[in-house]
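Participant: Below, each chain spelled out in residue letters.
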Amino acid sequence: MFLELTTGGVTGRAVLTDATAEPVSRLLAVLPLINAALVPSCWSGPACEIDLSGTGFELGEPGGLPLGCSLYTGMLMLRRDRKVLEISYGPAESRSATGVQYGFAIGRFDDDSRGLLATLATSHDVGELHGSLRAVDR
Amino acid sequence: MRREIRIRLGDVCCLAVLHDDAPTLSALLWDALPVTGELRHLRWGGEAGYVLSGAVKNESPPDERRVSMYGRGQILLRAEHGEIAIGYGQGQARDGISRGSEACHVASVVTNVDAFLDRVARTRRTGKAPVEITRAEGE
Chain A
9 MFLELTTGGV TGRAVLTDAT AEPVSRLLAV LPLINAALVP SCWSGPACEI
59 DLSGTGFELG EPGGLPLGCS LYTGMLMLRR DRKVLEISYG PAESRSATGV
109 QYGFAIGRFD DDSRGLLATL ATSHDVGELH GSLRAVDR
Chain B
788 MRREIRIRLG DVCCLAVLHD DAPTLSALLW DALPVTGELR HLRWGGEAGY
838 VLSGAVKNES PPDERRVSMY GRGQILLRAE HGEIAIGYGQ GQARDGISRG
888 SEACHVASVV TNVDAFLDRV ARTRRTGKAP VEITRAEGE
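Residue numbers (the numbering used here), protein chains in the order written: chain A, 9 to 146; chain B, 788 to 926.
Because the hints were derived from the structure by calculation, they are not lab data. By construction, the Cβ of each residue, glycine as well, lies at the ideal position given by its N, Cα and C atoms.
Here are some of the chain A residues that sit facing chain B, going by a computed Cβ distance under 10 Å:
| id | residue |
| --- | --- |
| 1 | Ala45 |
| 2 | Ser52 |
| 3 | Ala55 |
| 4 | Gly98 |
| 5 | Pro99 |
| 6 | Arg103 |
| 7 | Thr106 |
| 8 | Val134 |
| 9 | Gly135 |
No farther apart than 20 Å at their CA atoms in a straight line, the calculated lysine to aspartate or glutamate pairs in the EDC-like style are these:
| id | chain 1 | residue 1 | chain 2 | residue 2 |
| --- | --- | --- | --- | --- |
| 10 | A | Lys91 | A | Glu69 |
| 11 | B | Lys915 | B | Asp798 |
| 12 | B | Lys844 | B | Glu870 |
| 13 | B | Lys915 | A | Glu136 |
| 14 | B | Lys915 | B | Asp905 |
| 15 | B | Lys915 | A | Asp133 |
Model the full assembly from the supplied sequences, consistent with the hints where possible.
Facilitator: In C-alpha cells, the structure reads:
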C-alpha cells in the first residue's frame, strides 16, 4: 500500500512504513481522496503541512512505531495528535514555537517522486499549494 | 536625530524607527538604503518574513541589541547572513544551518502596524512579495 500525493499536476508516491501501512490503508480505503492545502512550514524547515482536521482522517496511535522528529527528505510525519501531516522536501525537523515536536514517520516518497518534491519546494516562493492524497495498491 | 525608514510590502506601507542604541548596525542598515527585494516567509524561525541583501552584510557584527527571540513589530538584522527580518508574532533567529542564533533588534514598526504585519503574515500562504525599504526623510 502506498500514499499518492498530487499537486500542481505532479504526482509522487510514498511507501508506507510497515507499522502504519495496515491502519492507514484501511482508513483510506473508506476515505479514498483527501483534498487539502499544503501550507509551508514556518518552524520545521523545508516542509509543507496538511491539516487533517475535518477531512475524516482519524487514525489511532500507530502501535509499535517509535516517536521521532527528524524529517529526512521526502518523509511523511504524522504529528502525535494525528491532526497534521508534515511532508519534507529537504532535510527538516518537526518543530513548533516551543521546540522540537515528536510524531510518527509513516512513510517516505520514493526516488521517482523528485518532481513532486521539487513542486513542494516552490511553496517557499508561491505560498500554499493545493493537493490531493489517496491510497493506492501499487 | 530620529531616523525613520519606510517599508513598502506589496501595496502596504509602514514607518519604522531605527534604534540608536544599536549604533553600528542601525548605521549599516541606514547607509544601505534603499534596499529592494522580495520578502519571503521564514521556514525555520516562526512568525516573520525576511529579505536578503548583501548591502547589510557584516561578517562580525558587534553585540548591539542582540536577541534570539523575535517579537511582533520588530525589525531584526542578522548581518552575518545579510538578512533583514520582520516579526509579526512569535519567532526565533534560526535557520537550517546554524539553528539557534541571534539577531540585532535594529528597528521597530511604528505606523500602520496591524495592516502591515498582517501583510507580512500573509506571505506564508500567498508567497513572496516585493519589498522596498527606504529612508523616510522630511515626512
